[in-house]
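Throw the hints in and build the complete structure from the sequences for me.
Letter by letter, the chains look like this.
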Amino acid sequence: MTVIDYGMGNIWSVTSALRYLNCKVIVSSDPLAIQKAESLILPGVGSFRKAMNALRDMNLEAPILESALVRKIKFLGICLGMQLMGIDSTEDGITKGLNLIPSKVDKFSLAEIAERKVPHIGFDQVNSDSSGNLFKGISGNQDFYFVHSYRMLPPDSQGIVSTCNYGIDFLAAYESDNLFATQFHPEKSQTNGLKLLDNFLKA
Amino acid sequence: MLKKRLIFTLLYNSGSFMLSRNFRLQAVGDFDWLQRNYDFSRISNYIDELVVLDVTRKKRNLDEFCEVLKSITLNNFVPITVGGGVKDVDSARKLLRSGADKILINSGLFNKSNLARELSEEYGQQCVVGSIDLKRSKTGEFQVWSEDGGKLSEASARDLLEIVLKKSIGEIYLNSMDRDGTGQGLDLEILELLPKRVNKPIILAGGVGNSDHLMVGLKDSRIDAVATANLFNFVGDGLKKARQELVAGGIVLPMWDLEFRSMHEASSLQNSGSHE
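Protein chains in written order, with numbering that gives the first Met the number 0: chain V, 0 to 202; chain U, 0 to 275.
Check before you lean on any hint, since a few could be wrong.
Covered by chain V, per the in silico footprint, the following chain U stretches (three or more residues, Cβ under 8 Å) [what the hints assert, rightly or not]:
1. 56-64
2. 91-101
3. 255-268
In case anyone wonders, no lab produced these hints; they're calculated from the structure. Note that CB positions come from ideal geometry on N, CA and C, so glycine has one too.
Put into structure tokens, the structure is as follows:
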């Protein structure tokens with residue numbers, strides 16, 4: 000498993016969860032290594048624009064897209080990593096994303112969340128669709144850890160969609176063929192998240 | 000439904016873990032002591048978040064702290080907030096690469112730096128926790144202190160809270176210096192300093208000595224999370240018991256089963272042939 004290091008992640012937390020699950024982890028910012036990776040994780044804690052610029056400046060966008068779309072290897076985006084897989088984001092001006100998930104990234108509006116607090120921080124219930132790989136053996140409505148001010152809405156098109164409700168139903172997890180994504184942090188969601196990561200590793 | 004959080008705060012001071020009482024620090028033990036009495040890979044099963052603060056009063060050693068952080072956070076699968084002496088994006092980056100998921104800042108909120116903005120431009124507001132230390136004056140009014148409780152802010156606590164709430168931070172950690180380490184319970188009057196409509200999560204700390212104190216805090220609608228740094232009162236399986244009491248008392252906390260870890264660890268040991 001190769002974890003993409005573009006300077007924006009809580010890298011230690013992600014790799015330590017993977018290692019706990021007996022997964023051999025490579026952390027890399029080398030475009031060639033990404034191009035050859037057997038499977039990829041795109042983590043991320045940061046602002047969308049900075050992250051996307053970092054991916055482009057480090058020549059990582061092309062090998063990521065090739066891996067995800069042409070080589071079709073297993074690919075997981077976590078938190079900001081999931082948002083980067085979207086069409087674009089309004090965070091700090093409009094920035095185009097990797098366009099792997101047909102949904103845009105926007106800030107929670109006070110109206111849609113009925114004046115709840117932003118960021119959305121803490122464990123929250125995920126209405127999971129267990130027909131895919133990620134939630135195999137995880138009963139519905141388990142709690143996962145979220146920390147985010149921006150959200151994606153569930154895409155209309157194909158793909159297995161799990162949501163979380165914070166006044167509005169937003170995209171909590173997504174999978175479509177080789178592409179996987181979670182808005183929450185599985186590496187920070189106790190055994191619920193470990194099970195999900197284990198499912199991803201075994202998918 | 001979004002759940003409230005039970006947070007444990009660990010205080011680190013050049014090699015030792017500390018008990019703080021009214022911001023006076025007392026060393027409790029080193030990392031080995033901590034592992035014996037607070038194996039966080041186990042204890043983290045019973046908390047919703049861990050905060051680790053470097054409260055070293057003399058010169059801090061960031062690299063050393065990062066190594067300790069890696070050891071503490073190993074096999075912890077809960078969010079980890081780290082602070083103490085964060086002065087710039089570079090030190091935040093180091094911490095985020097050593098086990099931190101969020102960065103806590105205190106003095107940087109009150110001095111002339113734009114630390115909150117710089118950190119949030121890099122990592123997003125949700126990654127920045129603003130911490131405010133409050134102490135009552137002789138006349139009973141709350142005042143804000145920074146620089147490890149060494150510097151009194153001139154503006155009123157109410158005004159400062161309003162200013163800080165507008166900064167580029169994701170949540171606020173309010174700490175009562177008067178109650179700190181006393182085990183007398185949280186000072187809920189601090190919450191009266193907040194504006195009527197607060198749009199950021201509030202963490203209250205200072206004074207928690209038992210699970211009843213946690214309960215009072217978590218039942219208060221103005222509070223999103225309660226933190227305790229009391230190493231002595233929750234030693235051993237103290238946090239496990241406290242969590243059970245909170246759930247029994249009607250607090251809705253997130254649930255996860257612990258079986259996955261025990262089964263996974265047993266089978267990993269078997270496969271590796273280790274007897275550790």
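Each hint tested on the structure:
Remark: the stretch 56-64 of chain U is not confirmed as covered by chain V, as 0 of its residues place a Cβ nearer than 8 Å to a Cβ of that chain, below the required three. Figure legend: the stretch 91-101 of chain U, annotated as covered by chain V; annotation consistent (8 residues with Cβ-Cβ distances under 8 Å, at least 3 required). Chain V is given as covering the stretch 255-268 of chain U, and this holds because 8 residues of the stretch bring a CB closer than 8 Å to a CB of that chain, at least three being needed.
Checked against the numbered hints above, the structure breaks only hint 1 and satisfies the rest.
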